[in-house]
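The listed protein sequences derive, respectively, from chains A and B. If you count the first sequence from 1, position 38 lands on 37 in numbering that gives the first Met the number 0, and the numbers rise without skipping. If you count the second sequence from 1, position 280 lands on 279 in numbering that gives the first Met the number 0, and the numbers rise without skipping.
Please note: incorrect hints may appear among the correct ones.
Given that identical chains are not distinguished, each listed pair holds provided it fits within a single copy or across any two copies.
Simulated crosslink set (BS3-like; lysine-lysine; CA at most 27 angstroms straight-line) [to be verified]: (1) 294 with 247; (2) 83 with 185; (3) 189 with 139; (4) 294 with 189; (5) 76 with 105; (6) 83 with 139; (7) 196 with 185; (8) 188 with 163; (9) 152 with 81.
Quick caveat, the hints were computed from the structure, so don't treat them as lab data.
Number of protein chains: 2
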Amino acid sequence: MNRILVVGSMGLDTVETPFGQVQDVLGGSATYFSVAASFFSPVSLVAVVGSDFPEKEIAYLQSRKIDTRGLVITPGKTFRWKGKYSYDLNTAQTLETQLNVFAQFKPVLPPEYQASPFVLLANIDPELQLEVLKQVKHPKFIACDTMNYWIEKKVDALKQVIAKVDLLFINEAEIRQLTQELNLVKATKKIFSWGAKHVVVKQGEYGALMFSQGAVFSAPGFPLEEVNDPTGAGDSFAGGFMGYLAKKGELSEQCFRRATIIGSVIASFNVEDFSLNRFKRLRYEEIERRFTEFKRLSHFEETL
Amino acid sequence: MNRILVVGSMGLDTVETPFGQVQDVLGGSATYFSVAASFFSPVSLVAVVGSDFPEKEIAYLQSRKIDTRGLVITPGKTFRWKGKYSYDLNTAQTLETQLNVFAQFKPVLPPEYQASPFVLLANIDPELQLEVLKQVKHPKFIACDTMNYWIEKKVDALKQVIAKVDLLFINEAEIRQLTQELNLVKATKKIFSWGAKHVVVKQGEYGALMFSQGAVFSAPGFPLEEVNDPTGAGDSFAGGFMGYLAKKGELSEQCFRRATIIGSVIASFNVEDFSLNRFKRLRYEEIERRFTEFKRLSHFEETL
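Using the sequences and the hints given, assemble the complete structure.
In structure tokens:
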């Protein structure tokens with residue numbers, strides 16, 4: 000059982016999809032990630048919220064055995080995001096972003112966190128991601144996530160992060176934008192040349208491609224009959240992936256493959272409901288059952 | 000070894016992609032289908048071309064052991080299609096369509112074709128597809144393909160076709176348009192309620208979903224480093240699928256799954272070059288090798 004350090008955003012989201020809407024609900028990359036990972040491994044959280052952040056949500060994270068000693072509560076308002084999805088559910092339209100206390104976020108690791116063997120740098124300013132890396136001691140495995148905003152504003156810092164991590168989580172549009180290369184195989188080779196050893200390309204409802212140097216694995220998306228809110232799907236994917244990897248503590252190709260499926264499993268639950276509502280009632284047996292369903296979904300006999 | 004009857008279009012294509020262009024080259028749904036299927040099973044072709052159609056291309060089809068007694072050569076010009084793809088390669092922009100002799104196409108099956116056990120109604124007017132079904136005797140398995148044009152113009156005839164076939168090949172955008180249902184699982188259930196027993200949803204570079212009543216199988220797309228021309232990928236997919244199914248003559252779930260992978264394998268070769276150029280130099284050993292690569296691409300161990 001290895002502990003995972005996660006550094007990222009926590010916030011309150013207002014989301015509208017064709018299937019409903021919610022206001023000021025629990026959200027943020029570190030939040031989705033931590034809870035998703037907590038089904039498999041203990042998590043140490045570094046983030047900032049304002050004094051308006053609901054205490055019951057902190058209690059919820061603690062009930063998931065998430066260490067919140069690194070969660071700073073600052074006078075002021077919590078980060079807020081307002082977004083809308085149309086029927087295709089693949090891309091969010093951002094209606095409003097209020098950075099609030101997140102604008103001054105300077106991640107400081109409590110001493111107890113510094114030796115975390117697994118590290119996930121969730122989607123924040125790559126300069127802050129570099130600051131975190133200076134504070135960790137002998138990590139076994141580091142992964143990072145990012146988004147188009149940082150690709151546009153801070154590509155050099157982002158490339159420095161990629162040079163220092165083992166794995167990059169990124170979606171299709173972002174890897175094309177970052178590498179200026181439309182073909183995913185070629186784009187991934189470029190990322191490898193910058194230093195990362197694994198690249199997981201998230202493809203939304205189509206699943207994910209996990210590239211290692213010399214091998215590629217394709218995890219399907221789960222054909223769901225009910226999708227209500229895709230918010231946090233990518234962070235949940237990364238959480239399931241890293242949680243499983245840390246639990247196993249094994250960095251083999253087969254382990255990365257199962258971690259990719261687990262990422263898809265966890266993301267497939269998350270999109271069934273708004274905010275983290277599905278996670279709040281998710282049982283481990285359901286994860287096991289859906290993992291088996293993924294096996295059935297993609298299995299075929301080898302002999303032609 | 001079961002023979003497959005295919006009825007569809009043959010034409011001369013002029014295609015431009017970011018990677019090159021070709022003029023008046025071999026194309027058409029029945030052409031891609033026949034050649035793709037011929038790697039596995041004998042094919043009987045019903046189509047029409049004009050007197051300007053190159054004899055060497057007919058000789059090529061015959062060299063693939065495709066029975067061309069049902070290919071009518073009519074005075075006049077062959078069907079022509081002109082299209083263009085931008086960098087994403089997912090959707091063709093049609094620049095020009097000349098129906099020419101195809102406008103008067105009335106498929107008539109030579110007597111020798113009428114007892115074909117496997118039948119593929121490629122993308123043509125659904126009223127003509129119904130005419131073909133009247134002429135076949137005791138087929139074992141019938142599949143059809145269609146396109147947005149017929150969904151818009153002749154949806155009632157198309158639904159009659161779907162009621163009479165075992166399997167529908169359709170792409171994502173088309174099934175949504177046809178069923179007025181965005182969720183693919185729900186859309187497929189609607190198709191089942193109209194009569195087809197299997198639905199293969201083609202997802203371009205993402206692969207395909209094969210729905211049977213009670214089961215779903217996901218075939219990945221193959222991460223290719225070189226994609227030059229996606230024209231005919233869907234027809235090649237259907238050709239590989241049906242060719243393999245006819246070769247095995249077995250209508251089991253496991254056989255449908257392998258057929259779906261073979262469809263992806265064949266389509267992945269086709270897009271590597273313009274027109275049918277890749278097929279013209281494709282060897283069976285390459286198909287076997289890529290089938291094994293697909294297995295490697297999607298394999299993960301079952302134990303969590």
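Right, here's what the structure says about each hint:
no., hint, result
1, 294 with 247, "both (19 angstroms within a copy, 24 angstroms between copies)"
2, 83 with 185, "between (33 angstroms within a copy, 23 angstroms between copies)"
3, 189 with 139, "within (24 angstroms within a copy, 50 angstroms between copies)"
4, 294 with 189, "between (31 angstroms within a copy, 26 angstroms between copies)"
5, 76 with 105, "within (16 angstroms within a copy, 71 angstroms between copies)"
6, 83 with 139, "neither (38 angstroms within a copy, 49 angstroms between copies)"
7, 196 with 185, "within (15 angstroms within a copy, 39 angstroms between copies)"
8, 188 with 163, "within (16 angstroms within a copy, 48 angstroms between copies)"
9, 152 with 81, "within (21 angstroms within a copy, 41 angstroms between copies)"
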